[in-house]
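> Each chain, letter by letter, is given below.
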Amino acid sequence: MMPKDPVPASVGLASPDRKGGGGPARGGRLSRRGFLARLGVGAAAASAAAGFVPIRFDAAAAAPPTPGPSRRLRRWSMVIDLRRCDGCQSVGKAPQCTAACIQGHFAPEPMEWIQVYEAPLGERGSQFIPTPCQQCQNPPCVNVCPVAATFATPEGTVLIDQQRCIGCRICMEACPYDRRFFNWGTPPQPPEAMFADYSPEHQSPAIRGTVMKCDFCPDMARAGRLPYCAQGCPNRAIYYGDLEEDIATNGFEVVVLSRLLAEGNAYRLKEELGTEPRVHYIPGHGELVGRRAATRGRKPTQWPWQKLIQGATTWRR
Amino acid sequence: MEALAREHEAPGVTPPWRARLERLALAPLAGTGRRYWLWLAFLLAVVGWGVFAYSTQVANGLIVTDLRDRISWGVYIASFVFFIGISHAGTLLSAILRASKARWQLSITRMAELITVVALMVGALFPFIDMGRPDRVLNLLFFGRWQSPLVWDILAIATYLTGSTLYLLLPLIPDFALARDRLGPTASRFRRTLFTLAAVGYRGAPAQRRALEQAMTVMMIIIIPVAVSVHTVVSWIFAMTLRVPMNTTVFGPFFVAGAIYSGIAAIILLMAVLRRVLHLEEYITVTQFKSLGYLLGAFTLIMGYFNLQEYAVHGYKLEAGMPFHFEQLMTGPFWPLFWFYILGSILLPGLLILHPRTRTIGGISVAAVLVLLGMWAERYLIVVAGLRVPLMPYAPADYAPSWVEWSILGGAFGLFALIISVFVKLFPVISIWEVVEHRGPEPASRLASWAPHPAGAALGARVMPILIIAGSVAGLLVGGQAGADDRTPTQIAVAIPSQVALGQTIGVQARLTDASGAPVPKATIVFTTPFTFLGASDDTVLAETTTDKGGAASAEFELRMQGALEVRAAFRGDDRYGPVMTSLPITVTGDAQLYVQRAGVLVPGLNAAPSQVPVAAPLWPALSGWPIALALLAVWSLYAFVALLVARVARVEETIE
Numbered sequence: 001m002m003p004k005d006p007v008p009a010s011v012g013l014a015s016p017d018r019k020g021g022g023g024p025a026r027g028g029r030l031s032r033r034g035f036l037a038r039l040g041v042g043a044a045a046a047s048a049a050a051g052f053v054p055i056r057f058d059a060a061a062a063a064p065p066t067p068g069p070s071r072r073l074r075r076w077s078m079v080i081d082l083r084r085c086d087g088c089q090s091v092g093k094a095p096q097c098t099a100a101c102i103q104g105h106f107a108p109e110p111m112e113w114i115q116v117y118e119a120p121l122g123e124r125g126s127q128f129i130p131t132p133c134q135q136c137q138n139p140p141c142v143n144v145c146p147v148a149a150t151f152a153t154p155e156g157t158v159l160i161d162q163q164r165c166i167g168c169r170i171c172m173e174a175c176p177y178d179r180r181f182f183n184w185g186t187p188p189q190p191p192e193a194m195f196a197d198y199s200p201e202h203q204s205p206a207i208r209g210t211v212m213k214c215d216f217c218p219d220m221a222r223a224g225r226l227p228y229c230a231q232g233c234p235n236r237a238i239y240y241g242d243l244e245e246d247i248a249t250n251g252f253e254v255v256v257l258s259r260l261l262a263e264g265n266a267y268r269l270k271e272e273l274g275t276e277p278r279v280h281y282i283p284g285h286g287e288l289v290g291r292r293a294a295t296r297g298r299k300p301t302q303w304p305w306q307k308l309i310q311g312a313t314t315w316r317r
Numbered sequence: 318m319e320a321l322a323r324e325h326e327a328p329g330v331t332p333p334w335r336a337r338l339e340r341l342a343l344a345p346l347a348g349t350g351r352r353y354w355l356w357l358a359f360l361l362a363v364v365g366w367g368v369f370a371y372s373t374q375v376a377n378g379l380i381v382t383d384l385r386d387r388i389s390w391g392v393y394i395a396s397f398v399f400f401i402g403i404s405h406a407g408t409l410l411s412a413i414l415r416a417s418k419a420r421w422q423l424s425i426t427r428m429a430e431l432i433t434v435v436a437l438m439v440g441a442l443f444p445f446i447d448m449g450r451p452d453r454v455l456n457l458l459f460f461g462r463w464q465s466p467l468v469w470d471i472l473a474i475a476t477y478l479t480g481s482t483l484y485l486l487l488p489l490i491p492d493f494a495l496a497r498d499r500l501g502p503t504a505s506r507f508r509r510t511l512f513t514l515a516a517v518g519y520r521g522a523p524a525q526r527r528a529l530e531q532a533m534t535v536m537m538i539i540i541i542p543v544a545v546s547v548h549t550v551v552s553w554i555f556a557m558t559l560r561v562p563m564n565t566t567v568f569g570p571f572f573v574a575g576a577i578y579s580g581i582a583a584i585i586l587l588m589a590v591l592r593r594v595l596h597l598e599e600y601i602t603v604t605q606f607k608s609l610g611y612l613l614g615a616f617t618l619i620m621g622y623f624n625l626q627e628y629a630v631h632g633y634k635l636e637a638g639m640p641f642h643f644e645q646l647m648t649g650p651f652w653p654l655f656w657f658y659i660l661g662s663i664l665l666p667g668l669l670i671l672h673p674r675t676r677t678i679g680g681i682s683v684a685a686v687l688v689l690l691g692m693w694a695e696r697y698l699i700v701v702a703g704l705r706v707p708l709m710p711y712a713p714a715d716y717a718p719s720w721v722e723w724s725i726l727g728g729a730f731g732l733f734a735l736i737i738s739v740f741v742k743l744f745p746v747i748s749i750w751e752v753v754e755h756r757g758p759e760p761a762s763r764l765a766s767w768a769p770h771p772a773g774a775a776l777g778a779r780v781m782p783i784l785i786i787a788g789s790v791a792g793l794l795v796g797g798q799a800g801a802d803d804r805t806p807t808q809i810a811v812a813i814p815s816q817v818a819l820g821q822t823i824g825v826q827a828r829l830t831d832a833s834g835a836p837v838p839k840a841t842i843v844f845t846t847p848f849t850f851l852g853a854s855d856d857t858v859l860a861e862t863t864t865d866k867g868g869a870a871s872a873e874f875e876l877r878m879q880g881a882l883e884v885r886a887a888f889r890g891d892d893r894y895g896p897v898m899t900s901l902p903i904t905v906t907g908d909a910q911l912y913v914q915r916a917g918v919l920v921p922g923l924n925a926a927p928s929q930v931p932v933a934a935p936l937w938p939a940l941s942g943w944p945i946a947l948a949l950l951a952v953w954s955l956y957a958f959v960a961l962l963v964a965r966v967a968r969v970e971e972t973i974e
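Chains as they are written, first to last, in this note's numbering: chain A, 1 to 317; chain B, 318 to 974.
You may find that some hints are simply not true.
[Said to hold, decoys possible] Examples of chain B residues lying across from chain A (beta carbon under 7 Å, computed):
| id | residue |
| --- | --- |
| 1 | D386 |
| 2 | R450 |
| 3 | R453 |
| 4 | V468 |
| 5 | F493 |
| 6 | V706 |
| 7 | P710 |
| 8 | P713 |
[Stated by the list, open to error] Covered by chain A, per the in silico footprint, the following chain B stretches (three or more residues, Cβ under 8 Å):
| id | region |
| --- | --- |
| 9 | 439-449 |
| 10 | 515-526 |
| 11 | 536-548 |
| 12 | 673-679 |
| 13 | 716-728 |
| 14 | 844-854 |
Quick caveat, the hints were computed from the structure, so don't treat them as lab data.
Where is the CB? At the ideal position from N, CA and C, for every residue including glycine.
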């Protein structure tokens, strides 16, 4: 369902007086700084937040804190445990993975790089399916790009170089999961996005006339942190891992990835297409966090930064 | 005009019909009426409005269209397919008919070829109009990839446009010569220079004639596969996606058939218009209309067949997404377009041509207009309805073209008409010499009888070694137990290799006994290793197993982490037995890459580290595209051969002098 936003578009980034159900914890909407602080991601995050610069991969500074596999390439992967996803019904907010992703990436409205779809389950029930870029190992979008603006890194992560993209949108037609978004107009972003050092791994600032999507946050992982969506999930339903080291974590537990997949009867979306996604799902409808399948509906996603850039417009319908 | 008239009277050899033909065909070239300028001004205004609409799009981005993320292609791409389709008529028709030596079409071949070139020029604009970053169009040149259907489109269309331009110009050479000779000094200096240059010194000498005919034969053969390839490739930008209902193998031939179908209709329409405007009733008669009408009629059957194929095969199986697609087409938002396409542009034109009473110039022209409208609707349905089928659980999107899109489409039609109008003013619209040759009782070498006229000649012309490490028997440790616990204390013995190779499957044995040494059966032993990943630390479960009657349990697992690890075997305890845990060191050596990519695409020169995406990729990676490169090379070398033949025409002229 394409949710309609009942909240006026004029919500400021850090307006303390804002009321309503959309923002992250503690009543009011947190600023990005507050958000990061709340995550408690340590000194690196604190210094980055103080500078209003998004946390980016810095090859020199970010030595992996974990005993990473020497010379072995990471194969970043994701497991989403649908048994624990209730579409954030229990917290009474818009899906927090999407919210965290938007906050962290300055994603322009109405892009939901990780979008929580409510899919019917039988006649009355439903399940929530958080859907990021599926990170196909046989990516149809990479095949069709005429200028190699979208490409697979050696690690296999599919990224977009917005500084090369010509905006032909053939990748959007090619993606069988509809996980690509276009900057139809001047993208609405907070001012600090303008100071970000652009990289395909952190697509900020957004550029009009180019395609964007979930970048799988390999820069965050390299710096030893979970992607924004996994950090944001209150139910810890999102595991981020490495197929090479066969390990995954949701921030609390560290599990052997292949065991998690096998024990959970994991599947992938549209497996029959042969795209070989790297995002896996454990079937469920939030039962582990107390959701009943018949409890339908979720809160619509909100973007805090319309009207922050002159000339920026939302193309949301 | 006097000179023109005198020249016609002087040689008594010229039969009156020929003089009439020449006068008629050359008349628009000689003078320009006020009505023509008004028409031109009107077309310029329409094109200007389109340019204005495009300028708003450039200023604000594609937000001025009604395209959005779900339906991200619309009128532009539909019109692109439509115009490229129209272009087929021309060359394909005139080439096939010329190759099969049909004669009735001679007076309309030039119009057909003209439509081809102009439709291609206009159609090729649309992908660029549709681009989000038109300023980066040169990236196609710098970073172009052979693997992209869009690049195939560009290559195929460029090849086709070049070929069909050659194919339009070659048969024009003798007519340029005629215009040069007949118009004489009364014509404006611009026209005289133009015709003199364009005629490349053609005098009708036998050697010139041979060279020209050879060139035309080469072109008419090569242009047919090129034309078929173009529309097949255009269909592939849709058919190469994993989208219901676009991922169908029938799209290639279906698009080619549809292209020829709409192309024939375009010729009929242009014929009907030019016949009236330029008074060509004598040369474009009901014969041409009927012949093309029959061809159109035959294609209604072919189109009907392809639609049956498409809808019967999809409709019988009704795979996921198809029920939605059928519903939106037949009863949903697209029903007027769909039924107009099926009934109004396939069935009705067929009936109009079938019935003798409507098989007239008027009736066939009406059929042609219906076909053109219906085929545009079909392209729109393929793009818009095709993209509207939801791929994920969301409500279907909607799309209604904005004023900008309609204006640009209008501007494109205006441009199409404008180029044709200008062409008609500058070049004879009937291939005079071919008609003469066919109709006249004069010998085939008639062209040679033209009076020579001094003029200049001109021509213009990319396992790992397996480390077997002996397993050492692990030591024995007694687990701690709570003092207040009245459960029987247990102890666990574990056998595990101390050193293994990365990726090696490890077999571990454990034996759980109570303090007296009696075995503990049916107990769950959990093997874990403490591990930190992305800041999270946990006892990561490696395997779980249950002891047998003898208290023994075994498990297998593979360690993919490297270095010095610690494997723990633990029994959590139950009602009778207390918990116990033991820990053993294990070293995992090696750095082999274990996870094999299931599939993947290597982008030559681009799969470098993401933090250092190359600024410049190798231009046109040589190896990956060699089949395309070979085909292009073959076609383009034939073009070069044709250019050489034209050069020979010019050179022969020098020897005549």
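> Each of the hints needs a verdict: does it hold here or not?
For each hint, the structure was consulted:
Residue-level restraint check for D386 (chain B) holds (minimum Cβ-Cβ distance to chain A is 5 Å; threshold 7 Å). Satisfaction of the interface hint for R450 (chain B) is found here, the shortest Cβ-Cβ separation to chain A being roughly 4 Å, below the 7 Å cut-off. Contact between R453 (chain B) and chain A, as hinted, is supported at the beta carbon level, the nearest pair being about 5 Å apart and thus within 7 Å. The beta carbon of V468 (chain B) comes within 5 Å of a beta carbon in chain A, closer than 7 Å, and the hint placing it at the interface holds.
Interface restraint check for F493 (chain B): the shortest CB-CB distance to chain A comes to about 39 Å, outside 7 Å, so the restraint is violated. For the restraint placing V706 (chain B) at the interface with chain A, the shortest Cβ-Cβ distance is roughly 11 Å, beyond the 7 Å limit, so the hint is violated. Satisfaction of the interface hint for P710 (chain B) is found here, the shortest Cβ-Cβ separation to chain A being roughly 4 Å, below the 7 Å cut-off. Among the interface hints, the one on P713 (chain B) is violated; its C-beta lies about 9 Å from the nearest C-beta in chain A, farther than the 7 Å criterion.
Residues of the region 439-449 of chain B with a Cβ under 8 Å from some Cβ of chain A number 4, which satisfies the need for three, so the listed coverage holds. For the region 515-526 of chain B, the proposed coverage by chain A is not satisfied: 0 residues have a C-beta within less than 8 Å of a C-beta in that chain, short of the threshold of three. Beta-carbon proximity to chain A at under 8 Å applies to 0 residues in the region 536-548 of chain B; the threshold of 3 is not reached and the given coverage is violated. For the region 673-679 of chain B, the proposed coverage by chain A is not satisfied: 0 residues have a C-beta within less than 8 Å of a C-beta in that chain, short of the threshold of three.
Only when three residues or more bring their CB closer than 8 Å to a CB of chain A does the claim for the region 716-728 of chain B stand; here the count is 0, and the claim is violated. Coverage of the region 844-854 of chain B by chain A holds in this model, with 7 residues showing a Cβ closer than 8 Å to a Cβ of that chain against a need of three.
Checked against the numbered hints above, the structure violates hints 5, 6, 8, 10, 11, 12, 13; every other hint is satisfied.
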